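Undergrad: In order, the protein sequence lines correspond to chains A and B. Numbering of the first sequence is given in the working numbering, commencing with residue 1 and proceeding in unit increments. Numbering of the second sequence is given in the working numbering, commencing with residue 1 and proceeding in unit increments.
The set of hints was computed from the structure by calculation and includes no laboratory data. Just so it is clear, the structure is predicted and the values come from calculations on it, not from any experiment. Keep in mind that the hints are not guaranteed to be accurate.
[To be verified] Computed, partial: chain B to chain A, Cβ under 10 Å:
# : residue
1 : H178
2 : G179
3 : Q206
4 : P321
5 : T421
We put the beta carbon where it would ideally sit given N, CA and C, even for glycine.
Below are the chains, spelled out letter by letter.
Number of protein chains: 2
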Amino acid sequence: MVDQTTSRGRRRGRDRETAGTRSQLPEQRPFAQPRLLHGPTELASADQIEALHHASLRILREIGIKVLDDETRALLIAAGATAHHGQMVRFDPEMIDPIISTAPSQFTLHATNPAHHLTIGGDHLAFGSVASAPNVADLDHGRRTGNRHDFQNLLRLAQSLNSIHFTPGYPVEPVDIHGSVRHLEATFDLLTLTDKALHVYSLGRQRNIDAIEMVRIARGISDTQLDQQPSLVSIINTNSPLTLDVPMSHGIIEMSRRNQIICVTPFTLAGAMAPITLAGALSQQNAEALVGLMLTQIVRPGSPFIYGGFTSNVDMQSGAPAFGTPEYWKTAIVGGQLARRYNVPYRSSNTCAANAVDAQAAYESMYSIWGAISGGTNFMMHGAGWMEGGLQASFEKMVIDADLLHMASAALDPLVVDDDTLAFDAIAEVGPGGHFFGTAHTQARFRTEFYRPLISDWRNYENWADAGSPDAAGKANRLVKAYLAEYEPPPMDETIKQELTDFVARRSAEGGVPVDY
Amino acid sequence: MVDQTTSRGRRRGRDRETAGTRSQLPEQRPFAQPRLLHGPTELASADQIEALHHASLRILREIGIKVLDDETRALLIAAGATAHHGQMVRFDPEMIDPIISTAPSQFTLHATNPAHHLTIGGDHLAFGSVASAPNVADLDHGRRTGNRHDFQNLLRLAQSLNSIHFTPGYPVEPVDIHGSVRHLEATFDLLTLTDKALHVYSLGRQRNIDAIEMVRIARGISDTQLDQQPSLVSIINTNSPLTLDVPMSHGIIEMSRRNQIICVTPFTLAGAMAPITLAGALSQQNAEALVGLMLTQIVRPGSPFIYGGFTSNVDMQSGAPAFGTPEYWKTAIVGGQLARRYNVPYRSSNTCAANAVDAQAAYESMYSIWGAISGGTNFMMHGAGWMEGGLQASFEKMVIDADLLHMASAALDPLVVDDDTLAFDAIAEVGPGGHFFGTAHTQARFRTEFYRPLISDWRNYENWADAGSPDAAGKANRLVKAYLAEYEPPPMDETIKQELTDFVARRSAEGGVPVDY
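For reference, chain A alone in the conformation it holds in the complex (with noise of 0.2 Å):
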C-alpha cells in the first residue's frame, strides 16, 4: 500500500529544497497500521471471562435495559426479547449467541484515499486522533472554547502525521458554527482537510444519512457500493448504567442499515455509573455493549461492528473521571479479552487527566497506550491530543502522541532473527574491545536501522542548557507550527469538491436538523 500523503510530502520536500526553502519537518515513518503479532495479554483467565460474560447474561436476563425508543424496542422484542415495565427490555440468553454469532470479526473501514483505508480486526490496529473536546489548547494561546479555526488547524495537523490513521469525530468541537449545520460544515471540513477515514455523530437520524451521502460523493461510488464498503463509524455511548438513548439507537439503525461501522461504548466509570469493583463494571459494560452488538445485527446482519471497553475509575475523593490509571489498564485489556469472547474488533483509547503537558500527561497517556495495546485494540479512539479527561484538545500534545504511536508502531516491527542481522561476521571483525560504528554492517543501516523521534531531545545537557534547556512540550509547539506551515489539503477532483459543496449549501437552506436553540 502506497501513502500517497508522505509520497507527496517527500516531493513537496525536494521541491522546496531546490527552490531553497527546505522543510522544517523531521522525517517520519509512513503511514502504515502495525499488527499485534506477538499477540494480545491475556490479563484474565478464561473462567474469568466466562463469568464476565455470565454476570452479563444475568444483568441482560434478570434487570434488562432501559431502551427509550419505540422502534428499537420493538426489533429487540421481534427477535426475542420481552417488554418490561418502565420501557425496560430483558434478554434471554439464549438469543443472544445466534444473534451476534453474524457480525464480522474483521472488515475494512474505506477512506478517501485508498492508501488510508484500513484493516479493522484481527492483529491489525488502528489509531485515531483526540475527538469531542469542548475546549482546545496550545502554548501561545492557552485554553479557549473550541472553534472553527482550532477545528480545521487539529484537522491539518492529524492529516501531516502518519501515525494518525482516521479521525474519530471533531477533535475540537466547533461551537462558532450552528449546531442546525455543524456536522455539515464539520464534515465538509473533515472530508477536505484529511483524506483519512472519518466518524460522524449519532445525533438523530438526519446528521447519520447527511453524513452518509457526503462521504458517498466524496469517494466518488454509488449507494451499492457504499452498502458493500463501511467508509464511516459512528461511536455510540450507552447513558451507563443501563439505557440507550433514542439519538444512539437512531444511530445504530440509519448506521447499520447501511452497512457502516457502528462502535458501542459504555460509559461505566467505575464507582460513578457502574460498580466499584472493575469485575462490576466490566460485567455491566459488557451487557450494554451486547445489546448494542444484538441490535446491528438485527438491523443488518453481518453489518460491522467494533465492541467499545473504557471502563475507568473516578477520584473518590472528588468524583473526578481518572485516566490512565492502574484500573484503566487492566480494564483495557480484560476488554480486549472480553471482544475477541465475540470474535468482534475492539476500541479503547489513549487518555489522560492532566491539564499541562507534562510528566503525568505522558506517563497517563502510556499506562493507557499500554494498557490499549496489550489489550489488543483493533481501534484506538483519542490516540493523540486528548487531555483533561477529554475536555480539552492540545496541539502540543498531539505531535508528542503521535510520536509515542509511532513508537509502538516501531516497537511492534517485527524482530528479524537471521544471518544479516545477527552478523556474525561484524562481531568477529570488530573483536573485542573495538567499535562498531565503522563497519561496513553499520553503516550500511545506520539511517535507517533505528527509530528517529520527533520529539525526544537526545543532547547531552551541556548542548541543550545551551539552547535554552527546551522541554518536550516546546519542542511540539514548534513541529505543530511546522506542519501547519508546511500543510498541503490532499488533492481532491473538482467536480466532487463541487458536489460536496452543493449538497452542504442545499441541505443549509432546508434549514439542516432541527436543534432547540
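Dock chain B against the given chain A, drawing on the hints supplied.
TA: The following block gives chain B in isolation, referenced to the frame of chain A:
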C-alpha cells in the same frame, strides 16, 4: 510480611496528628513485591530464541572472549575452555550447559530489615532506585556534581518510598569522599540510612570483601549464615564487545565464593559496542552474559546469578546513547526470554535520556517500564530517579518514578471476579440512569478500591489554574521536601552500629583501598 517502615510511618503520622503537626505525606501502598501472574510477553518466537542462543554459542566457540585476569582465565580453562592468542578464551558449546545448570532459578536477597527481604526470580518483580549517576539535580538548586549530602538525601528518599525495594548502588557518586575510603563510608550510609537490600561495586577485590563484612555485621549474623543467605548484589558490566576486565572478574570471584549475588550486564549499545541490528546485539549480549554465568558457577556451583539485559541503541546522528526507545522496549522483552532460556532471574532497567523532568522523561521511562515488566524483569535497576542516560539522578524524578512503579504494582494486582466484585445486587439496586456512589457496595470500598497516586493532579482545569497551574515536576519537588522533612532512620541495634563504625574507622586507618590519585 509486615512492613516495619510503613508501620512506623503510620505511627509517626498519628503521633504528629496528636501533637497538632499532621503529616504532609500522602498514604502509600505498603512495601510488597508485585508478581507477574499473567506471565511475560513472548515477543520472539521459540525458534528465534534458539537462533540467538546458537549465535551466542558460535561467538563463544569461534571468536571467544578476551579475559584480562590470569586467575579467571585459569578457572575457565580448567573447566574446559581453551586459551588463544591475546588473552582470548573460547568455549566449546558442549561445556556450557552442564556448568550453568547449577544456577538457581530463584533465591532470596536478604536485607537488614527482614520485612525487606526480596524473592528474586520466578514471577516476582523487585524495583531498585537509580544508581551510579555522576550528577544530581533538583528544581531548587539545579544540576551539580555528586556529593555525600545529596547521596544521603537520595538514600533517605529511597528509604521513604515503598515501591523502591532495594538500593542498587550509589544513587549519585559521592565524589567528596576520597576514593580510598568511599566504599566504606558509602556502605555505612547505605546500611544506616536505609534497611533495604543493597549493592557493592566490583572495583577491586578488597571493596567486595569490605562490603560483605559490613553487611554481615549489619545483619548481625555469622559468616556461615551469610554464606547461606545472599545479602548483597554486585553488577558486573562486561567491557563490550567481548571483554571481561580484571576488577569485574575479581568481583565475580569474591562474591560468588561467598554465595552472594552476581548480575552480569553486558553494555551492548547497538551501533556502538554491538552490531546495529538487534539480533546481533542480543546474541553478543547473550554470549557475554553466558561467560559471566559460567564463571559464577565454576567459582561456586549453585551461587545466585541474575542475567542482565541492557541492550539499547545509539542516536546514529550524534552517537549519543538513547533509552526508552522502541528498540530498547524490544530488547528488554527478548532479554527476559533469553534469561528464562537459562532458567535464571532477569534484570532490566527504567531508563530515559531526558535532561528535564518533562513529558520525554515520563514517556521514555514508561516505554522502559513497559518493556521491563512485559519482559518479566525480576530485578529492575534504576527504577526511580534515572535521567540523562544515567548521567543524572533527579530527586523529583525519583518520586514520579516511584509513583509509576506503584501504579504498575497496582495494575498487576490480581483481577478478582467473584459474586462480591461482580456486584449484581448493586447493579440491580441502582438500575437504569442511577448512580453508584451512594450504594453500600461503593461506600464499603471507596477508600481502598483504587490506587491513589502521589503525583497525578485530577482537579478540574479551573481549580488547577486557580492553584497556579502546577505541573508534575513541581508537585514532586514539594513531595521530596516533605519526605526528607519527615524522614526517620530505620532502627539499628546500637552495638551493631558501633561495630560498623569501628570497622569503618579501622579500615580507614589502614588506608582503605589503594587508588591511583
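Undergrad: Give a verdict on every hint.
TA: Verification of the hints:
no. : hint : in the structure
1   : H178 : violated (26 Å)
2   : G179 : violated (24 Å)
3   : Q206 : violated (26 Å)
4   : P321 : holds (8 Å)
5   : T421 : holds (4 Å)
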